[in-house]
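As you go down the protein sequences, you meet chains A and B in turn. Take the position in the first sequence, starting the count at 1, then add 175; the result is the number in the numbering used here. Take the position in the second sequence, starting the count at 1, then add 2; the result is the number in the numbering used here.
Derived from the structure by calculation, the hints contain no laboratory data. Hints may be right or wrong, so weigh each one.
[To be verified] Calculated Cβ distances over 10 Å to all of chain A for the following chain B residues:
#	residue
1	Glu11
2	Ile15
3	Gln16
4	Asn29
5	Gln36
6	Lys59
7	Gln83
8	Asp97
9	Lys103
10	Leu110
[Claimed, not checked] Restraint-style ranges between C-beta atoms, simulated for each label pair:
#	chain 1	residue 1	chain 2	residue 2	range
11	B	Asp97	A	Glu189	32 to 38 Å
12	B	Pro42	A	Ser241	27 to 33 Å
13	B	Glu62	A	Pro236	38 to 44 Å
14	B	Thr22	A	Met214	20 to 26 Å
15	A	Ser233	B	Gln16	41 to 47 Å
16	B	Thr80	A	Ser241	22 to 28 Å
17	A	Pro229	B	Glu7	28 to 34 Å
18	B	Tyr30	A	Thr213	24 to 30 Å
Glycine included, C-beta positions come from ideal geometry on N, C-alpha and C.
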Amino acid sequence: DAGVIQSPRHEVTEMGQEVTLRCKPISGHDYLFWYRQTMMRGLELLIYFNNNVPIDDSGMPEDRFSAKMPNASFSTLKIQPSEPRDSAVYFCASSAPSGGTQYFGPGTRLTVL
Amino acid sequence: SQKIEQNSEALNIQEGKTATLTCNYTNYSPAYLQWYRQDPGRGPVFLLLIRENEKEKRKERLKVTFDTTLKQSLFHITASQPADSATYLCALDDDKIIFGKGTRLHILP
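Build out the structure end to end from the sequences listed, making use of the hints.
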């Protein structure tokens with residue numbers, strides 16, 4: 176298996192633009208997690224899905240953030256409109272059981288100018 | 003809510019020595035605790051999981067302990083090597099998994 180795949184790896188955009196981050200989890204994993212990592216706040220869980228259904232989105236910063244999982248092999252995290260404070264590395268991870276080992280993707284480094 | 007504290011200062015250890023990293027939590031003891039390694043520009047990679055009824059877990063040169071009285075987990079790397087240099091994150095289950103900010107480890111040749 177190729178592991179968790181994320182795209183793009185780097186994204187530079189201007190404030191106010193819409194940003195869409197993509198994730199393909201490991202086949203057979205039924206949990207998918209979106210994280211944001213910054214120096215100040217560390218690794219923060221934004222939202223997680225079980226069997227494509229959002230279970231906990233309490234970590235999503237505000238209404239500008241939304242996430243979807245239309246099928247078992249694809250998820251998106253969208254920021255609209257983007258702001259400079261959204262600049263961070265966004266990771267997607269997947270796992271088989273909840274609380275089990277999480278397998279992280281390589282991350283998307285987002286810079287909002 | 004549960005909080006995790008890891009040394010924010012980088013830890014410098016001479017090659018060949020044992021490196022010990024600390025993870026403290028504030029509230030109730032979690033059912034399990036995990037340790038991850040993160041290299042620059044990459045996602046965290048799972049290393050070890052220890053359950054609350056386990057005192058110690060080993061994997062090759064790695065050892066993790068879990069002291070529910072002290073609310074602490076220690077992560078040891080014996081015979082450390084420069085390739086062990088990375089940031090090490092601990093994580094625990096608090097309804098959902100939460101991560102510490104990690105400790106940067108430098109193994110000096």
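Hint check results:
{"no.": "1", "hint": "Glu11", "in the structure": "holds, 14 Å"}
{"no.": "2", "hint": "Ile15", "in the structure": "holds, 22 Å"}
{"no.": "3", "hint": "Gln16", "in the structure": "holds, 27 Å"}
{"no.": "4", "hint": "Asn29", "in the structure": "holds, 17 Å"}
{"no.": "5", "hint": "Gln36", "in the structure": "violated, 7 Å"}
{"no.": "6", "hint": "Lys59", "in the structure": "holds, 14 Å"}
{"no.": "7", "hint": "Gln83", "in the structure": "holds, 23 Å"}
{"no.": "8", "hint": "Asp97", "in the structure": "violated, 8 Å"}
{"no.": "9", "hint": "Lys103", "in the structure": "violated, 4 Å"}
{"no.": "10", "hint": "Leu110", "in the structure": "holds, 23 Å"}
{"no.": "11", "hint": "B:Asp97 / A:Glu189: 32 to 38 Å", "in the structure": "holds, 37 Å"}
{"no.": "12", "hint": "B:Pro42 / A:Ser241: 27 to 33 Å", "in the structure": "holds, 30 Å"}
{"no.": "13", "hint": "B:Glu62 / A:Pro236: 38 to 44 Å", "in the structure": "holds, 39 Å"}
{"no.": "14", "hint": "B:Thr22 / A:Met214: 20 to 26 Å", "in the structure": "holds, 24 Å"}
{"no.": "15", "hint": "A:Ser233 / B:Gln16: 41 to 47 Å", "in the structure": "holds, 43 Å"}
{"no.": "16", "hint": "B:Thr80 / A:Ser241: 22 to 28 Å", "in the structure": "violated, 46 Å"}
{"no.": "17", "hint": "A:Pro229 / B:Glu7: 28 to 34 Å", "in the structure": "holds, 30 Å"}
{"no.": "18", "hint": "B:Tyr30 / A:Thr213: 24 to 30 Å", "in the structure": "holds, 27 Å"}
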